[in-house]
Amino acid sequence: MARRTAIAALLFAAPAFVMYATFVLVPLGMSVFYSLQRWDGIGKMRFVGLNNYLIVLTDADLLQVIGNAFLLVLWFTLIPVLMGLAVAAAIREHLGGPFGTATRTILFLPQVIPLVAAGIAWSWMFANSGVVNQALRGVGLESWARGWLGDFTFALPAVGIIGAWVLLGLCTMLLVTGITKIDPSLYEAARLDGAGPWDEFIYITLPGLRQELGVCVTVTVIAALASFDIVYIATGGGPGIQTTVPGLEIYRLAFAHRQVGLASALAIFLMVLVLVCVLPIQWLTRVRR
Amino acid sequence: MMQKSLNLVGLAALAAAALTGTAIAAPTCGTDPVVMNAYFETGFPLPTRLAEEFTKQFPNVTFDIKEDQFANMMENSPRILSEDNAPDLIRLPSMSDLVANELLANLDGYFTEFGWDKFPAGQLVQLRVEDGGRPRGTGSLWAMGLNYSMTGVFYNKELAAQLGMTEPPKTLAELDALLAKAKEAGVQPIMQWNKGTGGLAFPLQNLMGAYGPPEPVNDWIFQKDGATINTPEAVEAATHLENWVKAGYFPTDANAIEYFQMMSRFMGGEGLVMFNGDWESGNFDSNAAGKFGFFLMPSEEAGGRHASMSAPLTFGIGAKAANKDCAAFFLDWVATNEQARKINVEVGGSNPGGPPDLPIPAVTPGSVTEATLAAGNVLATENGAMDFIANATGAIFAAGWTPELQKLVGGVQTGPGMIEAVQAEYEKQLSR
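Sequences listed follow chains R and V, in order. All letters in the first sequence, in the order written, are residues 1 to 289 by our numbering. All letters in the second sequence, in the order written, are residues 1 to 432 by our numbering.
Please keep in mind that the hints were generated in silico from the structure rather than gathered at the bench. Virtual Cβ for every residue (Gly too), placed ideally from N, Cα, C. There's no promise every hint is true.
[Stated by the list, open to error] Listing some non-contacts, in silico: residues in chain V with all C-beta distances to chain R over 10 Å:
#1 L175
#2 P232
#3 D253
#4 G277
[What the hints assert, rightly or not] Here are the computed lysine-lysine pairs in the DSSO-like style, where the Cα-Cα straight-line distance is at most 27 Å:
#5 V:K157 <-> V:K324
#6 V:K291 <-> V:K170
#7 V:K224 <-> V:K66
#8 V:K157 <-> V:K56
#9 V:K246 <-> V:K157
#10 R:K44 <-> V:K320
#11 V:K320 <-> V:K66
#12 R:K44 <-> V:K224
#13 R:K44 <-> V:K428
So here's chain V without its partners, still in its complex pose (with noise of 0.2 Å):
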């Protein structure tokens, strides 16, 4: 009798998988007690949501979950996955080290199993390594997103209108003049940080993509060779951010701003615009509602391609990992399980990924959310998704992208040199 019911359980499975539109190979959780061990950053919520309720539709699967600052896990997560009871899901700052040291599970066997090739393969780019580490964008597949995060500009909506600013800005030069408006009405015209790291590498790259197509900057983060990021374009936009610095749009302590004190400036009606990612919109959206919009960062000339710093939050399974097949199913469930894309468009506030015939979440009408979404949309549509400058080697952002960007507000270095102060560093980094 046991036996029959089992056979009925497995035939159901079967059948749901068949429905959903799951290769029946599948790997699952099964049936017996199974204890993941996740290491989660401090202070995102999501993935401890969603563990909540993947235990809740798969009882037998609990999390013990360890959580650590996001600079600490840059440090520690070798150290972690070479240990032997390694993490079954970890959230991975980057992945060119680990893969070149054998310590991230590839998956290529789940990207058939579970038929991850209907996922948009541009979301999936990012996350694929060559063996031995470098380059990125091409060879296996070593992580999944359980979302995929954008950056663009938000607006404080009171200033826009104060300033007559009826609809978001078409061109650059649009969006140039909207900010000498500002400045000239005495209204701060960016909010910025740019202490610890430098912040204004999201403008800058935000201008990259204003000024060229974003696969050159793609060749140069993912290490390909000859790549350089001492392009006409990548200096066209810098000298464009040096521009703004002498016109005096970012504060004038931007070098003194933390992350946490420029979201609170910005939201405490402290400047026009600032340049951040979609994970603020939930923020925007229940503490600040109403007061804050957000719009892509617009092409050079109108009707022109956009290409903005598109990411995936970054999930790994370890390859010493006890539960490799069952973390394998949460990352596929987390973008096909539809309560699971409403918990992470409502908590994370960015793009859940899986395949794009999947609708997504409803938001709510005219919300922060819903405009990042759709601006999402238009990235994914323009094939416009840039990985971030900051990724390009693990240590390009402390030791090539911060120093120089904070010179540059700083009045003691150029958009050109700054450019060509990185591409050296970067050089540096890559002979060493």
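Chain R extracted, bound-state conformation (with noise of 0.2 Å):
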């Protein structure tokens, strides 16, 4: 009886792994057995062991590009996730009413836009005629205009508050649904015992909501360590190589450069990267039984 059990479970997880295996084990696969060659796509391979590893590791411009993928790291997590923090302690207290059902739509709108529409739209907001610099003229600041997403300053945060922009509504609902399931005893009884709102804060919402906090923290470091839509619309990774993160990096290696080997070396570096960040995060998040 137990075999047919396992016989009947194995049938039903079989559709599934088949299309996993095509769709995700196969491709990683043959990335891997791509990235130990030298091959331009089309003509014979030839293997060159960890070559393109070492490439990776030790060319200036690719150390950069990864570099640049952190620091967006700080505008798509960060932001994202205290401002979404800051909007659900806020209006914790009045998500039954229609003043939170219209918060919740507003911040979550963001989400439903396509990536490609949110840069497109944001590069003309930054653009030199734009209403960002429209602003600031408006103001007197002046000197201040410019073309945002072509300055070695600025195109990197730019940048940012776009991911920033799309990944709040996110967080803000994750966090939002997330503080609905602690328990309000648990506040009243603070209040009792004289608690402020920042020690509520701090001593009940945040342990709360641990697990969503959590999931914001790994799909947003995700998206910012393999980015690539917000960036090739915006900037197209420049000036110079100031905004170019690994996505698009790969897809310039393997499809302008012609240099296969080379792109999959940095898409399984890539990948690992991601790992190292994430693991731990989950890890910290867990909640402990």
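Join the two chains into one complex using the hints; note that each chain is given alone, in its own frame.
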């Protein structure tokens, strides 16, 4: 009987496993294989061992590209999570009313807009004649007006703001939903003990949102490290390589430079990097029983 | 009877071929129905217009046209050419990799059969590649140009008149003086894009042509042994460009301006000059007739040799294509047929190429197209054509020129530093 159950279980899992193997495991294996070759995508491959990985770890430009992704983490993760927390804590008591619904809807809207559309809209806003510069000129800060996405100092923060705007909705929704699960009696008890709003936030809200925070941080860190769409649309990686991120560089190496091996090595390295960043977050935010 | 009339048709074709000077052994599209598999670039109507005219003249030939953006073509062309039903006619972004992988048909046979030796050799030199993909500029012929475009300086006639310009500058110093005058008068001296791809490559290469001969630049682009872009002339040109940046001649947001934004801002009256190619001539003539002019980049000294970027609109034939002969016949027809040449100039705005004794179709006097065609003649006479510095390797534009030119405009790179960095990137790419 147990044997039959096991076979049935395997049969039920088989379709999903076949799909997973076809679209994830096999391509992953192929990428690992390509990463050990020198190949232009058409002609003959030549085995080069770990040479491509050596280039990834020593090429100054590629290291800057990887560094850019970590700078984006500050914008894509820190701002949405902190602002999401602030919003969730602020509207906690009004969640049921029309104010709460309106706030949640407005903050979630960026999440339903395609990233490409967001990138285009923001690049108009950041353009020389865009609303950002119009506003600056309007308040007499003419000297601050510039082509933000083409500026060496401000291009990366500008891309970061676009990412933060897109991800804020997701974080807010997750945290607002999480906050409703916290038992209201905890807040009452704390207030009876004389706790202020700040104490409530630190000792009740924050620990109560541990799992949701884990999801938020994980998703946004991956979004930053593996970003592509926003950067491709808003800056194309420029000026210089100031906003080039690994995702964009992998695409360019493979399809424009025709260095499929090096592109695959960078892709595998990026995957490892994402795991190294995300696994500790998962471990830290796990609810221990 | 049927046989006889076919013979007559054949004789007439032979006579016609003899009259037009086409070698009699040259292949044709025959009389059986032919469907040409074509892969063209989106946004450029010329090839499609030529295909329509071809079908009108040769009704047995029709075209199955697929279109794609230039960037996508760069990525997809090797894959598409390696398939069984490879395109008969394909717009080629670059050739070296395709030749190295034996994906293109060798056109040497057609060169002899169609008598393309009568075409100016300088026009075809960029289409020659040695087996194995490098160097370019010598070896077999792998593609033909639908036309031959060139870059130079477009100017706003009204702003130029305000600044007292009565005729185009004849020396680099005169151009400098004009730009300085514009800056002083509060007119944006140069409108140039530099986002996405480095549009400052156009003024840079024009400056290289002003300071030195085109041959060393071509050697570098064609990957000849030992060629370098780090020459005294190129460094002078880059330093001159850096001085233009420092003088504030480019828009402060140049790194945030895309090509199409540059076009709309320049056509909207922002900018005295713009460095661009004659593919925009038709656009200026139909959308802003009489408002803009064109001149070749002046040389450093009066009466000096002109040199500028000039490149064919490259089309090749797939090695696995089904209708190679008909495709070659089409490429010959484009350059030699009177109606095709007329469409080429009207729609494409560039020199249609072909034998130099064939007349260039008439254009509206005083138009931008007239000015660019005349400039093209000057360049041909002085043998001043250079391939585009962005074509030296498949990735030198994306990984070399674009980031370095963006740094130059951003004030974080010097002219000589940029040339050094691009040469280092070039060597890195050739070594990988």
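So, going through the hints one by one against the coordinates:
Listed as a non-interface residue, L175 of chain V keeps its Cβ farther than 10 Å from every Cβ of chain R; the least gap is roughly 25 Å. Against the 10 Å criterion, P232 of chain V stays outside the reach of chain R, whose nearest CB is about 26 Å from its own CB. Separation of D253 of chain V from chain R is inadequate, the least Cβ-Cβ distance of about 3 Å not exceeding the 10 Å criterion. Non-interface status of G277 of chain V relative to chain R is upheld: no Cβ of that chain comes within 10 Å, the nearest being about 21 Å off.
As the CA atoms of K157 of chain V and K324 of chain V are separated by approximately 47 Å, the hinted pair breaks the 27 Å bound. Between K291 of chain V and K170 of chain V the CA atoms are separated by roughly 21 Å; this keeps the pair inside 27 Å, and the hint holds. With a C-alpha separation of about 35 Å, the suggested pair K224 of chain V and K66 of chain V falls outside the 27 Å cut-off, and the hint is violated. Taking the CA atoms of K157 of chain V and K56 of chain V, the gap is about 40 Å. The hint is violated against a cut of 27 Å.
Distance restraint check for K246 of chain V and K157 of chain V: the Cα-Cα separation of roughly 26 Å lies within the 27 Å cut-off, and the hinted pair is therefore satisfied. The straight-line distance between the Cα atoms of K44 of chain R and K320 of chain V is roughly 19 Å, inside the 27 Å bound, and the hint therefore holds. Under the criterion of a C-alpha separation no larger than 27 Å, the hint pairing K320 of chain V with K66 of chain V is consistent with the structure, at around 17 Å. A threshold of 27 Å between alpha carbons decides the hint, and for K44 of chain R with K224 of chain V the separation of about 24 Å falls inside it, so the pair holds.
The straight-line distance between the Cα atoms of K44 of chain R and K428 of chain V is roughly 21 Å, inside the 27 Å bound, and the hint therefore holds.
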